[in-house]
Amino acid sequence: DTEVTQTPKHLVMGMTNKKSLKCEQHMGHRAMYWYKQKAKKPPELMFVYSYEKLSINESVPSRFSPECPNSSLLNLHLHALQPEDSALYLCASSQDGSPRDQAPGELFFGEGSRLTVL
Amino acid sequence: DAKTTQPNSMESNEEEPVHLPCNHSTISGTDYIHWYRQLPSQGPEYVIHGLTSNVNNRMASLAIAEDRKSSTLILHRATLRDAAVYYCILRDVMNTGNQFYFGTGTSLTVIP
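Chains as they are written, first to last, in this note's numbering: chain P, 1 to 118; chain H, 1 to 112.
Hints in this document: simulated from the structure, not taken from any laboratory. Note that the structure is predicted; figures quoted are calculated from it, not measured. There may be inaccurate statements among the hints.
Not everything, but these chain H residues come out facing chain P in the computed CB check (under 7 Å) [unchecked claim]:
#, residue
1, 7
2, 100
3, 105
Backbone N, C-alpha and C define an ideal beta-carbon position, used for all residues, glycine too.
Could you put together the complete structure from these sequences and hints?
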């Protein structure tokens, strides 16, 4: 199983709503990532979890709250978002969990969750 | 972070080879060169990576300049399914191994 599964595929929410995006992988990967991608732009790194601990937060606003309940699951909790937060949110995973683990592994991406904030 | 520079767009005829360039003049000795591509309406997918030597796999070849300041992704026979945005990424495995930063990428159009 070389898949990263993201749910939901599409999400529409109001600015006062609380919602969550979910990501799951069963490849035994120890690093998991959230990226944000606006139309016709490259993916932007938001968060990285390494061995279930948050290792990188790219100065993301607190209205985005990541959570890694276990090594297979990654959530992104959304609260009080703005319309400009509308984007494709991509989850990815990789085998190595720290910079010196082993030879650099590839990133496996899910198909993304398309978020629209009204 | 070391940066990469790629042309915004390129065109290729179907069944012809495609050479996608990437400049990374500030590359460090511990930076691996990764290539990913993103087909329309999909997440990015891994294509190939290398450190110093040229690399081949079933999808493509990676040619790395001797001074490592540039690299070229080679698709040997472009097909319509290769139309995508191709990203060249540097990954410093010793210091910031999990920080995969995407550059602007090259949008490849394949002409039938």
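Cross-check of the supplied hints:
| no. | hint | in the structure |
| --- | --- | --- |
| 1 | 7 | violated (14 Å) |
| 2 | 100 | holds (6 Å) |
| 3 | 105 | holds (6 Å) |
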